[in-house]
Amino acid sequence: MKKESLSNAKPMAADPWEALRAFTAARIALGRTGVSEPLHSSLQFKLAHAHARDAVYSELNTPEISNAIEKQFALPVYLLQSQVSNRQEYLQRPDLGRKLNPTSLQQLQLLAAPVADVALILGDGLSAEAINAHALPLLQILVPALRAAGFSLAPVTVVQQARVAISDEVGLALNAKIALILIGERPGLSAPDSMGAYLTYQPRPGLTDESRNCLSNIRVGGLAYKVAAGKLLYLIKESLRLQLSGVRLKDNVNLLS
Amino acid sequence: MSYRYTIRQHTYTFPDLKVLLAKASPYRSGDVLAGLAALTYEERVAAQLTLADVPLQIFLNEALIPYEEDEVTRLIIDTHSATAFAPIRHFTVGEFRDWLLSDKADTLTLQQLGPGITPEMAAAVSKLMRNQDLIGVAQKCENITRFRNTIGLKGHLATRLQPNHPTDHPKGIAAVVLDGLLNGSGDAVIGINPASDHPATAALLLEMLDYVRQQYYIPTQSCILCHVTTTLELIEQHAPVDLVFQSIGGTEKANQSFGIHLALLQEAYEAALSLKRGTIGNNVMYFETGQGSALSANAHFDVDQQTCEARAYAVARHFKPHLVNSVVGFIGPEYLYNGKQIIRAALEDHFCAKIMGLPMGVDICYTNHADADQDDMDNLLTLLGVAGCNFIMGVPGADDIMLNYQSTSFHDALYIRKVLGLRPAPEFEEWLLQQGIINKSGQILPVSSSHPLLQQLA
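Chains E and F supply the protein sequences, listed in that same order. Each position in the first sequence, counted from 1, maps to that position plus 1 in this note's numbering. With this note's numbering, the residue at position 113 of the second sequence is 105, and numbering never jumps.
What the hints contain is simulated information worked out from the structure, not anything from laboratory work. Keep in mind that this is a model prediction, so the values were computed, not measured. Ideal placement from N, C-alpha and C gives every residue a C-beta, glycine not left out. Where hints are given, some of them may not hold.
Stated by the list, open to error - Pairs of lysine to any residue residues, derived as SDA-like cross-links and limited to a Cα-Cα distance of at most 20 Å, are as follows:
| no. | chain 1 | residue 1 | chain 2 | residue 2 |
| --- | --- | --- | --- | --- |
| 1 | E | Lys47 | F | Asn330 |
| 2 | E | Lys47 | F | Asp370 |
| 3 | E | Lys251 | F | Asp189 |
| 4 | F | Lys432 | E | Gly35 |
| 5 | F | Lys163 | E | Trp18 |
| 6 | F | Lys245 | E | Glu211 |
| 7 | E | Lys100 | F | Asn290 |
| 8 | E | Lys47 | F | Asp363 |
| 9 | F | Lys163 | E | Glu19 |
| 10 | F | Lys332 | E | Glu90 |
| 11 | E | Lys47 | F | Asp368 |
| 12 | F | Lys410 | E | Gly32 |
| 13 | F | Lys332 | E | Arg54 |
| 14 | F | Lys432 | E | Val36 |
| 15 | E | Lys47 | F | Asn371 |
| 16 | F | Lys163 | E | Ala20 |
| 17 | F | Lys332 | E | Arg94 |
| 18 | E | Lys100 | F | Leu25 |
| 19 | E | Lys100 | F | Ala26 |
| 20 | F | Lys245 | E | Asp210 |
| 21 | E | Lys100 | F | Val24 |
As the list claims (entries may be wrong) - Simulated restraints, written as ranges between beta carbons of each label pair:
| no. | chain 1 | residue 1 | chain 2 | residue 2 | range |
| --- | --- | --- | --- | --- | --- |
| 22 | E | Glu19 | F | Glu61 | 53 to 59 Å |
| 23 | F | Glu225 | E | Leu245 | 29 to 35 Å |
| 24 | F | Ala192 | E | Pro206 | 38 to 44 Å |
Given the sequences, and given the hints that come with them, work out the whole structure.
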């Protein structure tokens, strides 16, 4: 077959409603070859999935993060582990990801940390990439703001194989009034690096989701650092004032303020 | 009552039916998380060998979750049909498996049998089956429902057009509806998962879908998948509600975690019936289920996750739904870890629901932290197509931008219809033909920019 006749065959049918893509990020007007999706969009999907999968298996850049925190904020940093031993176990045993391993717990208890207002905790969660990319930029706004507001900070902890609720155990061991964990969210196809922030007043093991406040989708193109830091500062102030967190603590800060 | 089985020198003891069912279940991460799974390969097969000899009758006498404590158990026992059960009452679970696969269990026989099968019987027999057994028996079942079209006929496969949008933007949703219709999707239902549960938003979206449907005489139904209490409110406000949606679980406590109970579902069912919006039938409910929901709500009573799931089908069955589907891979890898587990669970769910008489579809799906990809979905789609699944999801490019998970695309539906010679619901097929979207042999056609749907909607 000649090259010409191949190109004339035009197996690909484009959809004449491509203009509708302006209204949604959904994968519409992809066209068809036969009944199937054209190669280009098939590979684009695969690429997005690859980014999400790689994010699940990404690891915290602990040396860089802890050096930067110690240097920039003059705060001690402790590296901790949950009871999970590898990523496969992490995904199947959320119960183990909510508990510190005995060595890590002992390490914190031996510190006998004085009472502090806020314990900042970083956890890999389902996307360490999110923490590698977004934790420091957020803290660079949040830490000075917390200090300016007169709040005391516990040592910073960085926890590997962490679920959100591990902040309860860490916060309690550090004698903190509030535990604030920054953690990698479940990666989506359009955002493999979303960071979530969960705040708990009087953290202690056994608390459930209704006792936490959550900000999600902190990333470039999502919830901006400055807005996120502003909301967190507000929530921390209100949490300490009202002595509670969770469903009874309402977030009254406008998202666009 | 305890159950025993000896293999070589080792005697396995299973203290009750609940433990026996859990240990006989194929391996999945959720049962390990709950501490219910068999500890060795041999123990699992020992449990299956033991289960094979258990008479079906026992399931009517030994409740897994006490009758007094759980309204789902009461529903299962109180609505069991002794007449329908009669042909299989003398069987053990193992004999039941062999009979289901035999030619004696044909389509008509299976349709009559449904009300005699409890969820525990269905779950038990599924645990003795290989994947091909689950497909072979389900393929013989035909559970048909009607509202504005006919879903579930043999040789047909419908899709739920799922035009979700992260902010419920009507134009964004309309764009996806159009994309789906022009790709031949939307006969099961045009169903939106709203980003917010605000009644006003739901009402607006219902009005929009109803307008599109009426304007183009599309023989289908719409649904906003909000909480049943919200839908009840919408019905009171005279919003155009076709189908009432609700997520359901297999225990009273699991349903409590969804904010529902049987009386509330009954109220919604009656309210929807009273609207009389169906033209050729009155199946007005749409239920979604999924293995792991009872465990994640800590409401599983040490019953394995597949048996809990089958119990949800008893809840669904009571309200004669138009559609039921298991959102099989949505809940995450702590319940179904990888493609193998998702595929197995989906085939079990589809089989159990079908033999219980339900119009079962499957949301063939996974999340990004599960060890699965589109190849696994292709495998499952093909298996379910062969198994005679009533409907699947139609999501643009298989990527749901609101719920952040991957499902099946409009193209996937076209693929499975083509390779297996399956057709849309007959009334919808007629409409696709009229619109020039397909031709008489069912082949999808290219759409020109002058197509009436594009001219007026775009």
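Right, here's what the structure says about each hint:
no.: 1; hint: Lys47/E x Asn330/F; in the structure: holds, 17 Å
no.: 2; hint: Lys47/E x Asp370/F; in the structure: holds, 14 Å
no.: 3; hint: Lys251/E x Asp189/F; in the structure: holds, 18 Å
no.: 4; hint: Lys432/F x Gly35/E; in the structure: holds, 17 Å
no.: 5; hint: Lys163/F x Trp18/E; in the structure: holds, 13 Å
no.: 6; hint: Lys245/F x Glu211/E; in the structure: holds, 18 Å
no.: 7; hint: Lys100/E x Asn290/F; in the structure: holds, 18 Å
no.: 8; hint: Lys47/E x Asp363/F; in the structure: holds, 14 Å
no.: 9; hint: Lys163/F x Glu19/E; in the structure: holds, 14 Å
no.: 10; hint: Lys332/F x Glu90/E; in the structure: holds, 17 Å
no.: 11; hint: Lys47/E x Asp368/F; in the structure: holds, 13 Å
no.: 12; hint: Lys410/F x Gly32/E; in the structure: holds, 17 Å
no.: 13; hint: Lys332/F x Arg54/E; in the structure: holds, 17 Å
no.: 14; hint: Lys432/F x Val36/E; in the structure: holds, 16 Å
no.: 15; hint: Lys47/E x Asn371/F; in the structure: holds, 17 Å
no.: 16; hint: Lys163/F x Ala20/E; in the structure: holds, 12 Å
no.: 17; hint: Lys332/F x Arg94/E; in the structure: holds, 18 Å
no.: 18; hint: Lys100/E x Leu25/F; in the structure: holds, 15 Å
no.: 19; hint: Lys100/E x Ala26/F; in the structure: holds, 17 Å
no.: 20; hint: Lys245/F x Asp210/E; in the structure: holds, 18 Å
no.: 21; hint: Lys100/E x Val24/F; in the structure: holds, 18 Å
no.: 22; hint: Glu19/E x Glu61/F: 53 to 59 Å; in the structure: holds, 57 Å
no.: 23; hint: Glu225/F x Leu245/E: 29 to 35 Å; in the structure: holds, 30 Å
no.: 24; hint: Ala192/F x Pro206/E: 38 to 44 Å; in the structure: holds, 41 Å
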